[in-house]
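S.K.: Chains as they are written, first to last, in my numbering: chain A, 1 to 200; chain B, 1 to 396.
These aren't lab readings, by the way, just hints derived from the structure by calculation.
A couple of the hints might just be wrong.
Keeping only pairs whose Cα atoms sit at most 30 Å apart, straight-line, the calculated BS3-like set for lysine-lysine is [to be verified]:
1) Lys318(B) to Lys39(A)
2) Lys96(B) to Lys384(B)
3) Lys39(A) to Lys252(B)
4) Lys84(B) to Lys252(B)
5) Lys217(B) to Lys318(B)
6) Lys39(A) to Lys393(B)
7) Lys393(B) to Lys96(B)
8) Lys96(B) to Lys252(B)
9) Lys39(A) to Lys107(A)
10) Lys318(B) to Lys107(A)
11) Lys318(B) to Lys252(B)
Partial pick of chain B residues on the chain A-facing surface, computed with a CB cut under 8 Å [said to hold, decoys possible]:
12) Gln272
13) Cys325
14) Val354
15) Phe356
16) Gly381
Just so you have them, the derived chain B footprint on chain A, three or more residues with Cβ under 8 Å [claimed, not checked]:
17) 53-59
18) 155-164
19) 171-183
For each residue, glycine too, the CB sits at the ideal point set by N, CA and C.
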Amino acid sequence: MNAIRVDLQLIADMVEPATRALDVGCGDGSLLAYLVNFKRVDARGMELSQAGVNACVANGLSVIQGDADADLRDYPDDAFDYVILSQTLQATREPREVLRQMLRVGKRAIVSFPNFAHWHVRLRLVFGGRMPETPSLPYKWYDTPNIHLCSIDDFRGLCRDMGLAIERAIVLDRNSTPINLPPLLANLLGEQAVFMLRRG
Amino acid sequence: MEATTDTVLDGLADAERKALARCRHAVLGARRPLRLDCGVDLGPYRVAYQTYGSLNADRSNAVLICHALTLDQFVAEQHPVTGKEGWWDSLVGPGKVLDPARYFIICINVLGGCMGTTGPLALDPATGRPWNLRFPVVTVADMVRAQAELLDHLGIPDLFCVIGGSMGGMQVLEWAASYPRRVFTAVPIACAARHSAQNIAFHEVGRQAIMADPEWKSGDYRQHGTVPARGLSVARMTAHITYLSEQALQRKFGRALQDRDALGFGFDADFQVESYLRHQGSTFVERFDANSYLYITRAMDYFDLASAHGGVLANAFKGSPTRFCLFSFTSDWLFPTRESREIVHALNAVAANVSFVEIDSDKGHDAFLLDEPEMFRTLAGFLKGAATVRGLKDTP
């Protein structure tokens, strides 16, 4: 129970204790459980798969079935201190609207996503001539849930367009270790990124 | 004049007498009557209830089970009238999800019921004659008010959990809306925030069947020494179909014939499904009062939580501190998942703490009363998490 995935741990570290958080696409609930048990967070979850929901509820977590595109709009403004979307943005139908909703419902949004400009991906496409399959993008082109992939720089661009303030940006390498590099290199060497945003 | 338990007992059917001999009861509202939604002041009235386990020192482990339309307070024991095992034996009992060693479990026969709580069977204290159809029409909110009065009487400040399915789920929602500070967790199962047109329609068929029975005598059948058995039986048969799924009926009976090898070319119960329904109807008559059936189905029909809160369901839960866990079943067409989802949307709209579990089952609405391990597992997890937050110890 103590150990959670490195990227989830990074997200958990961004969340202040005793706050309110909504984890959209909470999967098996490991981040939720961590936030509840170790940071006394009033943490709720939303998960697409009913099996995932049931497993979370059986672990005593507050989770409903729902998806980021359709169900965030139910919540009132400022309902949470944080709305978290880990490794899910690229699978939403309208990432821009999802981000907007996250920052309406939450004072802050924490978003993690795979970087489509990672050198591994670039090599596969440029020299392999095939759609990239990497550890963070393990799907075939025809069965991937990822329909809106982006690079770290793309994401920064969207935040700029939407007038969102980037409070923190952490880039992780292939071993999920945070790396501290200038943006151009980060966009090449980072396999995934975690951003904390607030309304600008 | 304060009615004593004895004078109220005089108007009782045998079934009710047997029930009262086996459960607890209290006469309430003698000094301060219950103001019903219809405007009538009811009092004194009797509330029959059953308890399992004991209240802990800080009175924090009370669980209220709200029963469905035709069920009663005999949740986890042999029924005094039918001799059948408790209707929620699968959930309540030693080693079960709701363990009396851990919780003080209460189940109260609803207002308008016929297992000991005041309803059309009882005597009108003003006239000394049975209420029958002169009994005021009660609502789900009235039922819940009477339950709250009993908890006051018992000195129970708040409930760790209010749980129930179907009409029981409606009561759970009403509890959470009317007494949010007294409800730590709410578990509405297989229910809706308002009764749908289709459900009202089915109830109306049942009521018309009862009232069309010449033995019903405008509700005064007991004075005439008759029982509208045919009508009540048809009402039950109709309702029973709505509790099952098409798949479950097909799996259980198919087109199998009853005690014969070939079609009878007549109107006996050729098919097993007919025989089954007739049996359901005739046994129901032995344990349930026809007038009570009219009143309780009416209460369900009138239930519309949003309309009581300015037409917006979310308003019913504004600022609610309660932790909710809703359950629905995939094959339930009487209270389909969609209805539970509407409640979830309303709870999200006020950022309430809510979990929602849909259970995959082909058993229809009845699934909530049956052995559904996935429901038990998730419910146990939900209650365990909530008990930790509440600081409930493992043993009282």
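S.K.: Please go over all the hints and tell whether each is borne out by the structure.
M.R.: Now the hints, each set against the structure:
no. : hint                   : verdict
1   : Lys318(B) to Lys39(A)  : 26 Å, holds
2   : Lys96(B) to Lys384(B)  : 13 Å, holds
3   : Lys39(A) to Lys252(B)  : 51 Å, violated
4   : Lys84(B) to Lys252(B)  : 21 Å, holds
5   : Lys217(B) to Lys318(B) : 46 Å, violated
6   : Lys39(A) to Lys393(B)  : 22 Å, holds
7   : Lys393(B) to Lys96(B)  : 17 Å, holds
8   : Lys96(B) to Lys252(B)  : 28 Å, holds
9   : Lys39(A) to Lys107(A)  : 18 Å, holds
10  : Lys318(B) to Lys107(A) : 20 Å, holds
11  : Lys318(B) to Lys252(B) : 44 Å, violated
12  : Gln272                 : 34 Å, violated
13  : Cys325                 : 7 Å, holds
14  : Val354                 : 6 Å, holds
15  : Phe356                 : 4 Å, holds
16  : Gly381                 : 4 Å, holds
17  : 53-59                  : holds (count 6)
18  : 155-164                : violated (count 0)
19  : 171-183                : violated (count 0)
Violated hints, listed in ascending order, are 3, 5, 11, 12, 18, 19; each of the other numbered hints is respected by the structure.
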